[in-house]
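For the protein sequence lines, the chains are A and B, in the order given.
With my numbering applied, the first sequence corresponds to residues 1 to 869, in that order.
With my numbering applied, the second sequence corresponds to residues 1 to 234, in that order.
Please keep in mind that the hints were generated in silico from the structure rather than gathered at the bench.
A virtual CB, placed ideally from N, CA and C, is assigned to each residue, including glycine.
One thing to keep in mind: the hints can contain errors.
[Claimed, not checked] If you anchor each label on the Cβ, the simulated ranges turn out as follows: (1) A:G470 - B:D138: 18 to 24 angstroms; (2) B:G43 - A:R315: 34 to 40 angstroms; (3) B:D76 - A:S401: 20 to 26 angstroms.
Listed below are the residues making up each chain.
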Amino acid sequence: MALFGWFILRRVAQERMRTGLTVAGIALGVAVVLAIRLANASALGGFAAALDTVAGKTSLEIIGTGLGVDEQRLAQLTWLRTWGDVSPVIEGDALAVLSPNRTEAVRVLGVDILRDQPIREYRLDVGAGARQPTAQAFLGLLLDPSSVVITEVFARRHGLVAEPADGSEAGGRSTLQLAMGDVSRTFRIRALLRNQGPARALDGNFVLMDIAAAQWAFDRLGRVDRVDVRLAEPSRLDEAEKAIGARLPRGLNVQRPARRGQQVEQMLAAFQFNLAALSYVALLVGLFQVYNTVATSVIARRDEIGVLRALGTPRRTVLALFLGEAAALAALGCLAGIPLGWGLARGAVAFTSATVTTLYAAHAAGVPALTWIDAALAVGLGLPLALIAAAAPALEAARVSPLCAVRGGTDDTGETPVRKRWTAAGVACLAASAASAQAGPLHGLPVFGFLSAVLIVFGLAALVPAALTGLARVTGGRALGWLGIEGRLAHASLTGAIRRLSVSVAALAVSLAMLVAIAVMIGSFRETVIYWVAQTLRADLYVATARRSNLDAQATISPSLEQAIAADADVDGVDRFRALSVTFRDRLIVLGSGDFRVLLDHGALVFKAPADGPGALASAIGRDAIVVSESLSLRFGVRVGDHIEVPTPAGPRPFHVAAVYYDYSTDRGVVVMDRATFLRHFGDQRPTSLSVYLRSGADAEVVRARLMAQLAPTHRLFIHTNTTLRAEVLRIFDATFAITYGLEAIAIVVAVLGVTGTLVTLILERRRELGTLRLVGADLGQIRRMIVIEAGMLGAVSQALGMAAGLALSVVLIYVINVQSFGWTIQFHMPVGFLLQAMAVVLVATTLAGAYPARLAAGFRPADEISTE
Amino acid sequence: MSLLSVDHVSRTYHAGDTAVAAVSDVSLEVARGEFVAIVGPSGCGKSTLLHVCGAMERPSAGRIWLDGSRLDTLADDGLTRVRRERLGFVFQFFNLLPTLSLIENIALPLLLAGGARATSLGRARSWAAEMGLAHRLDHRPTQLSGGEMQRAAIARAVVHDPALVIADEPTGNLDSANGARILDALVRLNRDRGLTLLLATHAAEVAAAADRVVHMRDGRIDRIDVRRPHGEIT
């Protein structure tokens, strides 16, 4: 242990720059992994927490297909009471309008309070010492359909109070305006709920009302969303689930409340898996740095190791010393990375929550508090991986002969065989990558696709020494003649340190490869979406109840609004779109209905199959036929001509698949049927959005302004023109991928730090050479220029390698990982402008990374470096 | 007039609170074309005196002229220019750059001074031939023997026609045969080409080849032996 302190820790403490850069690299890597983990947990946590708190003591729930349970069928379910308490429920999201410019989302639960109290615990804020009201008294509070009970947390936050029970004047605002769909209504606040039970959902943004009032407010008259069951004997859960499931009429299903959470988890899995995979790139780059630091430490200290060996230190002790150095650096990195990760997570949540809410209709919660599990994960990841990264150089140290102490230990042996072995390993990795790219997904996740990408990364790293050697031969001294003697010297010193530089170049090249791959993937995706939007968004106006609503938003458009729009003199046609979340083959998909005739006359879908897509669409009108999105087709293996069982309120029904169309709005999979078919199976349902086609010559902006002026005073609605909706689509797209660029930027920062670290090490090793140069007349400017050119050359070589590997990675991302994760076909597109800019920035960054080492080198005094006395 | 004039020069180093006088009040004149050897035990200040005379560092006190120009008042840029244009160096451990070929190492002073590549390499080639290294031009230092490396270092020291060559233990890291060959090369340059040489050594046979031998002890000149009087000494 004393030896570790003297030999390793003292040096770690002395070489602050080297230690600082390495620790920063590991810290950033660990922080990014932790941040994405926390951000992912928060995305699911918000949903799961709300689900748990609202579910209360519910053991099982009875659900219908998409539209809930018809109230008339409740009479057929009276037998459910033999199993325990039963409570029908309406649950939905509304916007609390706090001021003309300020709204907040709230979860609204509508229940029959008499039947619901055994299932959920409601504690009213009745003042200290007062008794809780009886169920009858509670019912009295909600009898008036304009009554609500809100949480004390929400009330305190917004300065609201409950109406006094004695009818006296309230000491503050006792009404709450709620927007449900396009209609805004004012409710009386009759009581406040203590922060217990369902009141804890969504940080207090919870509103309780009577079930009949909720049906009316959400325009769900005649049906309930589900029926919650609390078993009298919870231990008989399995038996009850089976027995109830067997006895339920067609079209109704029984499930455990947690199932909804699992379905959301499943829905988000691919998105989160991709984010997590990207986050590991930063960690990988940090680990390259550990390897680099330990490797250069071993090379620089061969003579000292020789002395230790000569004095009788066993090989295993030398091995332990250098593994200990890696462990010490990793421990420091992890310590710094944990709080940094939590800070980054807050940023990551801000970036991802919009995507999660928009694409998956799940709510992101705040960043969860750091737990010991997170800290253990950070250390559990960082420490062993750092030891693996340091294993090779530590073994090299253990092999150092005691003779090195006598001969001087700076001779670099075994260069050629090592390079050949690495080259062979690199080629093998690339071959394995190509093979892995051919394999299908595993449990719906592109595991082999990522394996293929990882193999490209390792293949690239392994080929770096050979590539550097080849480039050194090709460029030679003359190619850099325009940079003068400084260029020649820089080239010569890089050529002489290929083994040591390889790791830094590999780390930077890997980061750049990921950047290139992601830029190409996102650029291609963006171009594809732009083309798709241009082809499919043909309506002049789009009407919805929210500015940015997800595809299966449940907020509906009222008949008065629909009629007012259709009656406008400039409106030629209206396509009413209704979408529902339904369970298809155990996963949540979107089931939509549109007016195929209007779509054929005005709009356009881009069909993947068959060749005559519009003909297929026309043939589906009035029949039990559907068109499906590409993602559904790929995920479930559904093809044109197949008959698939689609869930309907009357149970699963076979539908003919008429066509497959391209869709990039969601990766969940979409089934669309003609409105007439939908009405036949699902009953008359309000649309969730309208696509409005205008007569030729009508100005969309003018019509929009007119409709808003006419309807906004009485309805809550958003009308996008074609132009603004296209811009909104791209804005959401860019926001979705902003975090991806953020992660890669961090990986590049880590890699550039690595370049600085390597140059510092090389310069410290080359003190004598630099002293000689100064001695024979190199001035300070020449030394500085030489080092900066070295850094720039490292950047340039890394760029060339990164670009080549990045293009290979982008092919895997686009044609394997993306297809297996999301089921989207993306047309390959090279974002040349962005790539050129990124390359220029990285070249400048790496050149600047040479500034500190250059200053360090210029500070050496020739007399100190060549002195022999 | 002397080529090198050292006038009451001292060089003191500070280690914490302790001041160590490596060179104390040394005065020395070296004539153009003269071969002066400095001898003395380890730590007597030989190398420090060479560093001060070689414009590697400034003296703590005293004055130094090289070919009529004051060195002790020059800033770092000025010292660098003097080393590049007026001085050549040969050291015990050869100090060749391992990443450059032999011919590039020799041409380095010319290239650093902004000389054209072709001209510089041409001069380096002719000096390499003079030193018997014509067959080793593209070799790296690690591929050369110790004697060859030191001959390359001598070629590098003279390729730009310096006024003075400073050599610190040039044979100290060589076997006797190679050491003799190096000494012979230096003596020939001194005799045949009029090269002025200021050399520090422990080796008696090397000192024996010099015109004058300066004996140092504890940072001071103990005595000066004149072996071959030089005409230009004043």
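Status of each hint after checking the structure:
1. A:G470 - B:D138: 18 to 24 angstroms: holds, 19 angstroms
2. B:G43 - A:R315: 34 to 40 angstroms: holds, 38 angstroms
3. B:D76 - A:S401: 20 to 26 angstroms: violated, 42 angstroms
In the structure shown, a violation is registered for the earlier hint numbered 3 alone.
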